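S.K.: With these hints in hand, go ahead and build the complete structure from the sequences.
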Amino acid sequence: MSASLEKGINALKEVIDAPIASYFNSCVHCGLCAEACLFYTETDDPQYTPIHKLEPLRRVYRQEYTLLGRLAKLLGLSKPVTDAELAEWKPLVYDSCTLCGRCSLVCPVGNDIVYMVRKLREGMAVAGHAPDGLVGASTRSVETGSPMGVKLPAVQAQMRHVQAETGIEIPLDVEGAEYLVLMSSMEIINFPEYLGAIARIMKQAGKTWTLCSTGFEATNSGIQIGVSDIAKVLVQRIVDGAEKLKVETVISPECGHAYTALRWEGPNLIGRPYTFQVLHILEVLDGFREQGLLRTSGLEQAKLTFHDPCQLVRRGGVFEQPRRLLKMVAKDFVEMNDAGKMNWCCGGGDGVSAIEEAEPLRLQAFQVKKRQLEASGAQTLVTACANCRIVLEEGLEHYQMNIPVVGLTETLAEHLVQGE
Amino acid sequence: MAITDDGDFKQAVDDLSRAAQRLLAARFVENVLELGKDARLKGVVNAAKRSDITEDELALAFQSAKAASVDSYTQCGHQCDWDSQAGHFVAQAALACLKPEPGAAWEAATHARMARTCASIAGGSGTDNSEALAQYRIVTEFLKS
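From first to last, the protein sequence lines stand for chains A and B.
Note that the working numbering has the first sequence beginning at 1, numbered continuously upward.
Note that the working numbering has the second sequence beginning at 421, numbered continuously upward.
Bear in mind the hints are in silico, worked out from the structure with no lab data behind them.
There could be a bad hint or two in this list.
Said to hold, decoys possible - In the DSSO-like style, the derived pairs of lysine-lysine whose C-alpha atoms are separated by at most 30 Å in a straight line are:
no., chain 1, residue 1, chain 2, residue 2
1, A, Lys-331, B, Lys-519
2, B, Lys-519, A, Lys-303
3, B, Lys-430, B, Lys-457
4, A, Lys-370, A, Lys-331
5, B, Lys-430, A, Lys-327
6, B, Lys-430, A, Lys-331
7, B, Lys-430, A, Lys-303
8, A, Lys-207, B, Lys-430
9, A, Lys-370, B, Lys-519
These numbers come from a predicted model, not from an experiment.
M.R.: This is how it looks when you write it as structure tokens:
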């Protein structure tokens, strides 16, 4: 056994906890999780059945933590998990799983398959079987603070660009501000309009806010690749920044997994509760709406629909907020089939879009989104995740569908009552 | 009237017809075209500059600009190459030229500025807003013509 494989197997042994043991014992092999996974439904390939993706973890569990399994191992009657097998499983654990959570939701015995895949990724990463794209992103996150190599001068350049465009000063490192606004590298690089929208909305709402020079990045590639130590470092940076600036609320940007990482997993990763609250930008905006601090005028004329990012709606419960917000600016809003908690993933979440070799499969899986959109008759697709946005645009371009994709925050900002 | 700030800029371009906005926006893109490496963009700009272009030709140019824009996104988790990203914003500016909605000229202008910002980040200098000044000159000349 190679040293890396041994470390990987040890990591798998360590991550197997009571929930995982009960999940494996509870599985009734019904196959419902297969029908919930877009990589299975769009390929009809049984290897993409979610519970099957966990086979190496199941074997380690059985061989290490069950009486019969241990006996079989002792007698040389069980098949050990090998390096070659983990290499074979890499596309199943990473390329074809966006951790979207649809499988967990439909499981009749309540198995959280996403939780299990995350744990399997821990062992895969330690054994050296994480995809190069995610390894690179994680390395850059630790070294530069951003999975895409964005450094503070680039953020400052974008701040100046947005200041010039909006005429509003973008605050940096303001102690005592109410809100700390985080961004994803995707927004810094591809969607500067997000920061401009935040500036205009905060100005209208009369709220104080700031960016943080040592914690501007919201995304967490440690969560995606499955390395808790990296995930913890990245969460800690934000916590340090928020506590240094004494903010009341940290706003997670239009990014799915960043929200999961920071809001739901963060306190467990750092081992203590936060001294501030974490909200997704849509939760903040809906709060402003409720308090009368978000005032819009005019309506979008095109027929709009909303793509629910998996980590927001299914893992985070943010369902009503975007719909209430869209109601403010949409003349004609239509839901896609399966919208809300059963929405289909864009196909590129939780690191899949960073894996180049996964692209053909991702585009094949996009067919489910194509069907949803075609059935809806929508003319514009609104979402609230920068990664979803690009994956959707690529899929639409691939299938020659001319439907613009826009972010909800910027759409609202376009309709703010002028002069406020 | 000489345009010297964004307030005058926006007011001046808002009053223009859709066709005039497209012609002006094309000039903004032309000014940053050197930052984009996608060969399709030159064709898009040439199309946008034609006052006799048909709706079908506009639609074709729009598709081409859209494809160039989507192809040049920096993917989530990939190392950002700011020079390439400048090219993406040139494509976005070209796409804005051809959008049927109002406000094409201003949108193209902001994307062109972002292209210059990306190029300056790649060069290690950050932005100095020079593209805005260049655009003020372009608008002033356009309004005179």
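S.K.: Determine for every hint whether it applies to the structure shown.
M.R.: Results for each hint:
no.: 1; hint: A:Lys-331 <-> B:Lys-519; in the structure: 20 Å, holds
no.: 2; hint: B:Lys-519 <-> A:Lys-303; in the structure: 17 Å, holds
no.: 3; hint: B:Lys-430 <-> B:Lys-457; in the structure: 29 Å, holds
no.: 4; hint: A:Lys-370 <-> A:Lys-331; in the structure: 23 Å, holds
no.: 5; hint: B:Lys-430 <-> A:Lys-327; in the structure: 29 Å, holds
no.: 6; hint: B:Lys-430 <-> A:Lys-331; in the structure: 27 Å, holds
no.: 7; hint: B:Lys-430 <-> A:Lys-303; in the structure: 28 Å, holds
no.: 8; hint: A:Lys-207 <-> B:Lys-430; in the structure: 27 Å, holds
no.: 9; hint: A:Lys-370 <-> B:Lys-519; in the structure: 23 Å, holds
Of the numbered hints listed earlier, not one is contradicted by the structure.
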